[in-house]
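Residue numbers for the sequence shown follow full-length UniProt numbering, beginning at 1 and rising by one.
Hints were generated in silico from the structure; no laboratory data involved.
Among the hints, erroneous ones may be present.
What the hints assert, rightly or not - Label-pair distances were calculated between CB atoms; the ranges are:
id: 1; residue 1: Q498; residue 2: E55; range: 41 to 47 Å
id: 2; residue 1: S635; residue 2: G554; range: 25 to 31 Å
id: 3; residue 1: N177; residue 2: T96; range: 53 to 59 Å
id: 4; residue 1: R162; residue 2: D384; range: 55 to 61 Å
id: 5; residue 1: Q161; residue 2: S259; range: 23 to 29 Å
id: 6; residue 1: T406; residue 2: D329; range: 41 to 47 Å
id: 7; residue 1: S413; residue 2: N177; range: 57 to 63 Å
id: 8; residue 1: K456; residue 2: N69; range: 37 to 43 Å
id: 9; residue 1: K456; residue 2: G607; range: 48 to 54 Å
Ideal Cβ placement from N, Cα and C applies to all residues, glycine included.
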Amino acid sequence: MFCCLFCHQCFKCSLSCLPELCQCFNIDVKHPRIFTGPEDALFGFSVLQHEADGEKSMLVGAPWDGPPNNRKGDVYKCSVGREKNSSCNKVNLGETALQNVSKNLRNSHLGMTLTPTSPDGFLACAPLWSQECGTSMFSTGICASVSDDLEPRETIAPTAQRCSTYMDIVIVLDGSNSIYPWYEVQNFLSNILSKFHISSDQMQVGILQYGEVAIHEWSLKDYQTTQEVVEAAKNISRQEGRETRTAYAIETACTEAFSPERGAREGATKVMIVVTDGESHDGDELEGALEKCKERNITRYAIAVLGHYIRRQQDPETFIKEIKFIASDPDDKYFFNVTDEAALNDIVDALGDRIFTLEGTLGYNESSFHMEMSQIGFSTHTLDDGILFGMVGAYDWDGGVLKEGTNGRIVPSREAFESEFPLELKNHAAYLGYTVTSVVTGDWKRVYVAGAPRFKHKGKVILFELSDEGDVNIVQALNGEQIGSYFGSEVCGLDIDQDDITDVLLVAAPMYLGSGNKEAGRVYIYTLNRSNNKSQDARFGYALAPTPDLNHDGFTDLLVGAPLEDEHRGAIYVYHGDGIYRIAASSVSPSLQYFGRSLSARLDLDGDDLIDLAVGAQGSAVLLSSRSIVQINVSLSFQPHSINVIQKTCHRGGRESACLNATACFTAVSPGCPSPDRENSVLQTSLPCLCECRYTPSIFHSYTAGWESHISLADYIRPISFSLWFKINNTESGPVLDEGWPTTINKSIPFFKDCGEDDVCTTDLVLQAHMDISGTRYRTEIFCEFSLCFLHRQKPYVIRSPRRRLAVEVQLQNRLENAYNTSLTLNYSRNLHFSSISIRVNTAHVLLLHEGPSSCCSLFCLQVNFMLEFEFSCTSLHNQVKMKLHASR
Numbered sequence: 001m002f003c004c005l006f007c008h009q010c011f012k013c014s015l016s017c018l019p020e021l022c023q024c025f026n027i028d029v030k031h032p033r034i035f036t037g038p039e040d041a042l043f044g045f046s047v048l049q050h051e052a053d054g055e056k057s058m059l060v061g062a063p064w065d066g067p068p069n070n071r072k073g074d075v076y077k078c079s080v081g082r083e084k085n086s087s088c089n090k091v092n093l094g095e096t097a098l099q100n101v102s103k104n105l106r107n108s109h110l111g112m113t114l115t116p117t118s119p120d121g122f123l124a125c126a127p128l129w130s131q132e133c134g135t136s137m138f139s140t141g142i143c144a145s146v147s148d149d150l151e152p153r154e155t156i157a158p159t160a161q162r163c164s165t166y167m168d169i170v171i172v173l174d175g176s177n178s179i180y181p182w183y184e185v186q187n188f189l190s191n192i193l194s195k196f197h198i199s200s201d202q203m204q205v206g207i208l209q210y211g212e213v214a215i216h217e218w219s220l221k222d223y224q225t226t227q228e229v230v231e232a233a234k235n236i237s238r239q240e241g242r243e244t245r246t247a248y249a250i251e252t253a254c255t256e257a258f259s260p261e262r263g264a265r266e267g268a269t270k271v272m273i274v275v276t277d278g279e280s281h282d283g284d285e286l287e288g289a290l291e292k293c294k295e296r297n298i299t300r301y302a303i304a305v306l307g308h309y310i311r312r313q314q315d316p317e318t319f320i321k322e323i324k325f326i327a328s329d330p331d332d333k334y335f336f337n338v339t340d341e342a343a344l345n346d347i348v349d350a351l352g353d354r355i356f357t358l359e360g361t362l363g364y365n366e367s368s369f370h371m372e373m374s375q376i377g378f379s380t381h382t383l384d385d386g387i388l389f390g391m392v393g394a395y396d397w398d399g400g401v402l403k404e405g406t407n408g409r410i411v412p413s414r415e416a417f418e419s420e421f422p423l424e425l426k427n428h429a430a431y432l433g434y435t436v437t438s439v440v441t442g443d444w445k446r447v448y449v450a451g452a453p454r455f456k457h458k459g460k461v462i463l464f465e466l467s468d469e470g471d472v473n474i475v476q477a478l479n480g481e482q483i484g485s486y487f488g489s490e491v492c493g494l495d496i497d498q499d500d501i502t503d504v505l506l507v508a509a510p511m512y513l514g515s516g517n518k519e520a521g522r523v524y525i526y527t528l529n530r531s532n533n534k535s536q537d538a539r540f541g542y543a544l545a546p547t548p549d550l551n552h553d554g555f556t557d558l559l560v561g562a563p564l565e566d567e568h569r570g571a572i573y574v575y576h577g578d579g580i581y582r583i584a585a586s587s588v589s590p591s592l593q594y595f596g597r598s599l600s601a602r603l604d605l606d607g608d609d610l611i612d613l614a615v616g617a618q619g620s621a622v623l624l625s626s627r628s629i630v631q632i633n634v635s636l637s638f639q640p641h642s643i644n645v646i647q648k649t650c651h652r653g654g655r656e657s658a659c660l661n662a663t664a665c666f667t668a669v670s671p672g673c674p675s676p677d678r679e680n681s682v683l684q685t686s687l688p689c690l691c692e693c694r695y696t697p698s699i700f701h702s703y704t705a706g707w708e709s710h711i712s713l714a715d716y717i718r719p720i721s722f723s724l725w726f727k728i729n730n731t732e733s734g735p736v737l738d739e740g741w742p743t744t745i746n747k748s749i750p751f752f753k754d755c756g757e758d759d760v761c762t763t764d765l766v767l768q769a770h771m772d773i774s775g776t777r778y779r780t781e782i783f784c785e786f787s788l789c790f791l792h793r794q795k796p797y798v799i800r801s802p803r804r805r806l807a808v809e810v811q812l813q814n815r816l817e818n819a820y821n822t823s824l825t826l827n828y829s830r831n832l833h834f835s836s837i838s839i840r841v842n843t844a845h846v847l848l849l850h851e852g853p854s855s856c857c858s859l860f861c862l863q864v865n866f867m868l869e870f871e872f873s874c875t876s877l878h879n880q881v882k883m884k885l886h887a888s889r
């Protein structure tokens, strides 16, 4: 999985920030909706787009909401309507969502994560929610399932355990006459009770005082705080009595004090503490009483106060034996003896430690944690059949995962990941479960993904399969390459072509150090092969979010947050197709900080049928609207279809000209938008044609609409090229032109050649010439070969003084179709000087513009007669003159 098809080694590419990127493409940064909240509440820590009953909103987590001594956290609802000044209101989930779980909601930090659930609703999680157990606080974490209408449905706390201090304790206190002084007993009660953690989910304490009779001073359910029972203990007076009926008191405690009527709780550990200073008067009944305690699984601590025996100098051996019989086994754990009543205070600490350890774990004394610090809700991933939780703090912060689904709760053991996370490294705190997701392979198997960004300080990501029995099969492991880069702190699978098969896996390393030791950040894309870098203190990849098709190319896109870029102002990156687009916080609002710390992009919130982007910042949440993408097709037509310079159709600059009309029509196509008439088609909108724009052709071959120029008859062979540029005028709102779409159309229009139906000119050029020197007059046709025609004489002519002028009469005739670009060249000796050229016959369609030894006919020549005159410059009577004439079609 995620391997090259042509090799056995898996490969990766690192995708970071590009130095120069387009700023936004079709994301409207000119009209952002910025919602602000209390910055000290970390408003914007998480964001989630939300819709219920047609109302669209953005949910914003503020996990530090509340007074400094009680950061319960909460979620704010920011309405997204047409009103630009809509505000955010607290949902008060911090008060209602968790109230049935525990009365201890202090510093629960609800709203650290917000995760959509299927088919409706979302999870609001408080991974720092803690259970107070004894002297310890266990951050097991908790999530609240919330309906679309923002009503709490249920709480999910799969790692929350009943405290080991969940105890019902009954103190059976000897109040007979022999107990003295009584205030020392009261001090003992106050001291030992002050060590107990009295609450509905921890300890309850009842006191039964006895002598000749047994009296319930108070029952288990009577007091719910430690302070209350301590104050009550100060007011207990001695009952007195001449007998010590310990067996009777123990039986009463077992059958009455631990009864549900007096507040005994199912599942609570039952503990009895017997304090007495003498042998019982009903010792023969003691065995039966203790048997009833054993039936009810009551653990018994017994304290022998020897003051009465010492004061009377009596042997306490029988008394001690009886007290040891009362205590549970072994004696060294459950039996105490003290010299007198005052010495009771000396065993308070030891007794408290034996009842519960300082870590709050009863029955075992282990230094390692299992699920007590799991922080459920730190990362969550919604599945079709449940929810995958990351347990970042489980197993001494080595981490783990848990699945809560339709088939029950699946909790892999610590050993399940031993192959990738050796137990000898258990104190290295790998943080497995820091982020979780899942991918679907080509064989339609669901594979789970979990990141462990602290593994060996470089980070690791594992891909694994999970059975209903909790068995784990490691499919693949991806390792980080740089210490401290936090590789695996974010993972994201992308189904690019939307065929329900995952195409790429992205793994973020937001603290990757680039050049200059800056936390530039890096995102690794597995199965792709391209890499880019941008050295900046950016934490690129701090947040990742897949988003439905933003640019309508049929593929899923990706958002990447870099909240420390631009001196902690932040930025986000949009990856789609071949384009990477950067949206800086400064382009949205100069006041934003940590823009990109959280991302959500899954809904259309502003009602334009386009996916919008929700971005969290420090104390702010930003909603960015997408803009529709259009492709503009242009057609350019001309009337007439060719240029006939002979036919003058208009007047320009006071003279007749050959003109034509150009018509430009525009069709706007929005890809991906369904037509009202047919699904999966494109929506086309025809804009009005720009009709009868009159153009006059020019010899210039770069043309803009509306440019007008007169015709020059220098070149009628090459067609006139027209260029039309266009753009969308409203660049800050409305649609944007598709990236790479051409904004220029070029079209050429030829000159009219009048060469028959085949439009191919077939010519027959004939050239005749003679000179006016006596004896040299002749009329002969020229010889033509390969479009070149030649007239020449084999013998030179001798010209003598006194005559100093020479005239050559030339006649050029085309006997077939039009001839274009025809030229006539005259070569003469150096002692002749060209004098003049004149038209001898008024022949139609003739233009000769260039004087000199070479004359050119650029259009078509039906018949041309002209005279060339020369002057002699030499004095010799025997200078020779050679002349050559040729014509070219």
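These are the hints, each one checked on the structure:
1. Q498 x E55: 41 to 47 Å: Violated, since Q498 and E55 (Cβ atoms, about 28 Å apart) do not stay within the stated range.
2. S635 x G554: 25 to 31 Å: holds (27 Å)
3. N177 x T96: 53 to 59 Å: This hint holds: roughly 56 Å between Cβ atoms.
4. R162 x D384: 55 to 61 Å: violated (31 Å)
5. Q161 x S259: 23 to 29 Å: Between Q161 and S259, where Cβ atoms are some 26 Å apart, the hint holds.
6. T406 x D329: 41 to 47 Å: Cβ of T406 to Cβ of D329: about 46 Å, so the range 41 to 47 Å holds.
7. S413 x N177: 57 to 63 Å: holds (58 Å)
8. K456 x N69: 37 to 43 Å: Since K456 and N69 have Cβ atoms about 39 Å apart, the given range 37 to 43 Å holds.
9. K456 x G607: 48 to 54 Å: About 50 Å separates the Cβ atoms of K456 and G607, which means 48 to 54 Å holds.
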